[in-house]
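Modelling step: build the complete structure from the supplied sequences, incorporating the hints.
2 protein chains.
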Amino acid sequence: MRKDHLLTPGPTPLPPQVCEAMARPIIHHRTPQFQAVLKQANEGLKYVFQTSGDVFILACSGTGAMEAAVINLLSCGDTALTIQGGKFGERWTEICRGYGINAEVMDVEWGKAVEPGEIEKRLKANPKIKAVFTTLCETSTGVSCDIEAIGNVVKNTEAVLVVDAISGLGAIPLATDAWNCDMVVSGSQKGLMLPPGLGFISVSPKAWKLVNSAKSPRYYFDLRAAKKALDKTDTPFTPAITLIIALCEALRMIREDTLENVFMRHKKMADATRAAVKALGLELFAPAAASDVVTAAKVPQGIDGEKLVKTMRDTYGVTIAGGQSELKGKVFRIAHMGFIEEFDIIAGISCLEKVLAQMGYKFQLGAGVKAAEEIFNKTVS
Amino acid sequence: MRKDHLLTPGPTPLPPQVCEAMARPIIHHRTPQFQAVLKQANEGLKYVFQTSGDVFILACSGTGAMEAAVINLLSCGDTALTIQGGKFGERWTEICRGYGINAEVMDVEWGKAVEPGEIEKRLKANPKIKAVFTTLCETSTGVSCDIEAIGNVVKNTEAVLVVDAISGLGAIPLATDAWNCDMVVSGSQKGLMLPPGLGFISVSPKAWKLVNSAKSPRYYFDLRAAKKALDKTDTPFTPAITLIIALCEALRMIREDTLENVFMRHKKMADATRAAVKALGLELFAPAAASDVVTAAKVPQGIDGEKLVKTMRDTYGVTIAGGQSELKGKVFRIAHMGFIEEFDIIAGISCLEKVLAQMGYKFQLGAGVKAAEEIFNKTVS
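Just so you know, the protein sequences line up as chains A and B, in that order.
Once you know that position 184 of the first sequence is 187 in this note's numbering, the rest is easy, because the numbers rise by one and skip nothing.
Once you know that position 97 of the second sequence is 100 in this note's numbering, the rest is easy, because the numbers rise by one and skip nothing.
Derived from the structure by calculation, the hints contain no laboratory data.
Be aware that a few hints might be false.
Each pair may be met inside one copy or between any two copies, as identical chains are not told apart.
Claimed, not checked - The calculated DSBU-like cross-link candidates involving lysine-lysine, where the alpha carbons are at most 35 Å apart (straight line), are:
#1 Lys-381 - Lys-313
#2 Lys-230 - Lys-301
#3 Lys-230 - Lys-158
#4 Lys-365 - Lys-230
#5 Lys-115 - Lys-42
#6 Lys-127 - Lys-333
#7 Lys-230 - Lys-133
#8 Lys-235 - Lys-127
#9 Lys-212 - Lys-333
#10 Lys-115 - Lys-235
#11 Lys-131 - Lys-218
#12 Lys-313 - Lys-235
#13 Lys-357 - Lys-131
#14 Lys-131 - Lys-365
#15 Lys-270 - Lys-124
#16 Lys-331 - Lys-235
#17 Lys-231 - Lys-133
#18 Lys-90 - Lys-212
#19 Lys-331 - Lys-230
#20 Lys-42 - Lys-333
#21 Lys-218 - Lys-230
#22 Lys-6 - Lys-231
#23 Lys-230 - Lys-90
#24 Lys-42 - Lys-357
Here you go:
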């Protein structure tokens, strides 16, 4: 009779409408039926990306879409600036270097957000930088950075701004066009409430110029072929049909709710989670730049962080995330993204309290849940 | 009240067990639960690939897995032999050239199978060929080629043999190890009875040597990273969780049925389809090398081939495939692959008869279905 609760920063829980869509008999992709699906998906994606440009749907996970961004923009020997404040920022550097691109790394202390002014300095110091690779929400640390401000810096240069919005798109504000983001990359298993398996990528007019001149080898991820196909409401290769049909359901839900409400819900869940964590006497890992997507909290002294996460999951069915890379065992992360609401957060905090108590951590039982309830029950002012 | 019948060479119809698996709540991929799934999937894949080596699961469509084969084996400037007897053979050439690999093309007339002896000659004439890229079943023409014989040729050289078995794996015989196939590439939406979105790739010890020395840039598709992860029952990037869970269901069905029965069923359906087509006075497109996966037949004179396919689909709900590239309008293709059985074929032939009759083609109504029934009702000798 175990009941599972998923509070992880990807995959996030699936709405029943999405599950139902995936259980339908499959349709062929070169049919008017599927063209209607593709058209609807693309319109919904433009709404969520807040762009009037094309958003491409790739059959891959988020990392594939990140690779697509790098190889469609740059050539071997080009220079890029990669902002590295966690595991996913590092991925930009790794991909660039894998393709012989000279990645100038801007290291940001894990748990801090990058200073847009620092990016400006680097761009001035090295006019050879052709692209700046950033992360909207660094899932490994729970930090969000100010993409709008970075966009204001990068737009005045020759460089393009690329945003990894895998965590964050459809959960926290990101205005692709208004914020001058030249490429925004995302994935299906986070704010979009789907299983993993789809990557998304938007392309600005400034980015298209690079796409058309870049010399990195590419075939499966070639956006020129994707564009040619999309103009005929088609895909260059067999698309992940079932996931795209499910995407339509998820996008329909988001549009019905409106992005404004979606963002508000995420903000409230984040506020409540942070309040709960603090009420339990725990410390936020990134107090100054905490993301509304996932909350990272420090594991208190004397408590085994890996055991905490494991017990919550294996004994009580509540899956949160532990720390990654250098944060392994040092933080735990509670996601509040996608198809998660108020009472999921309450359940998650309650389970955290239960296991912390069992592990001998001293606090007032119920304090976390109470703090969260206070946020949720506050009338919107 | 429209009821759809899918007789296309990918996607193929989904078994209800697969649909049900995809409708389940999602689980997280870094958990013992998912590790058990991954382990089961890998064991099942080894059975279907008939290999003792690793089979990697990639989140991409078949073309992505083809690209993975090319870039993990070869470097810019290397020479490869690509066998081109249709649209998918051409894809090998395009991918190689996209990565600066010198593709020596062996053109085979569309509708004919490559002669293994010709491959031997080319390998002798040019010892610089490091890889031979072939296609088990060329979906665009309905031709199968003799991979076993090609394997016997290639194994005595320095070159590796790469087989695109996207169409054919889990439907017609392919013994990866016994036939000396160094890399076999496949996809989920054909014999494996799943939606598109997963790519598969096996690697022989001979191929591993090249994988470890190849210099093509790669990150998302890097099999060295995939191997490192698989050795810990993990994946380097977020896997397509839902599709992999569904894969377990499909593999379980195949194992319960046994590959022998699966192959026999496909052969019988192919025999029946070919007999039906001939009984209608139609000509097979590839009589000498017809695949047991998909039957291509010539559109008779005076009949609009595209309209035939469109009417069957849009008016009667029976989706078969038309011709691709140079065969557009000239052939139609009926798939008998995956979760398709006897009575699906009967329904498909019956609909073909209905629309041919409406379009004014002269034949004896019922002749196709009768010929198919005769094959299906024959006792196994």
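Comparing the hints with the structure gives:
no., hint, in the structure
1, Lys-381 - Lys-313, "within (33 Å within a copy, 58 Å between copies)"
2, Lys-230 - Lys-301, "between (45 Å within a copy, 33 Å between copies)"
3, Lys-230 - Lys-158, "within (24 Å within a copy, 41 Å between copies)"
4, Lys-365 - Lys-230, "neither (58 Å within a copy, 44 Å between copies)"
5, Lys-115 - Lys-42, "neither (39 Å within a copy, 38 Å between copies)"
6, Lys-127 - Lys-333, "neither (37 Å within a copy, 60 Å between copies)"
7, Lys-230 - Lys-133, "both (22 Å within a copy, 33 Å between copies)"
8, Lys-235 - Lys-127, "neither (41 Å within a copy, 45 Å between copies)"
9, Lys-212 - Lys-333, "neither (44 Å within a copy, 39 Å between copies)"
10, Lys-115 - Lys-235, "between (44 Å within a copy, 32 Å between copies)"
11, Lys-131 - Lys-218, "both (16 Å within a copy, 26 Å between copies)"
12, Lys-313 - Lys-235, "between (49 Å within a copy, 18 Å between copies)"
13, Lys-357 - Lys-131, "neither (54 Å within a copy, 66 Å between copies)"
14, Lys-131 - Lys-365, "neither (55 Å within a copy, 70 Å between copies)"
15, Lys-270 - Lys-124, "within (32 Å within a copy, 68 Å between copies)"
16, Lys-331 - Lys-235, "between (47 Å within a copy, 17 Å between copies)"
17, Lys-231 - Lys-133, "both (25 Å within a copy, 33 Å between copies)"
18, Lys-90 - Lys-212, "both (30 Å within a copy, 30 Å between copies)"
19, Lys-331 - Lys-230, "between (41 Å within a copy, 23 Å between copies)"
20, Lys-42 - Lys-333, "between (45 Å within a copy, 29 Å between copies)"
21, Lys-218 - Lys-230, "both (17 Å within a copy, 29 Å between copies)"
22, Lys-6 - Lys-231, "between (46 Å within a copy, 33 Å between copies)"
23, Lys-230 - Lys-90, "both (31 Å within a copy, 20 Å between copies)"
24, Lys-42 - Lys-357, "between (47 Å within a copy, 32 Å between copies)"
Going down the numbered hints, you'll see the structure goes against 4, 5, 6, 8, 9, 13 and 14, while the others check out.
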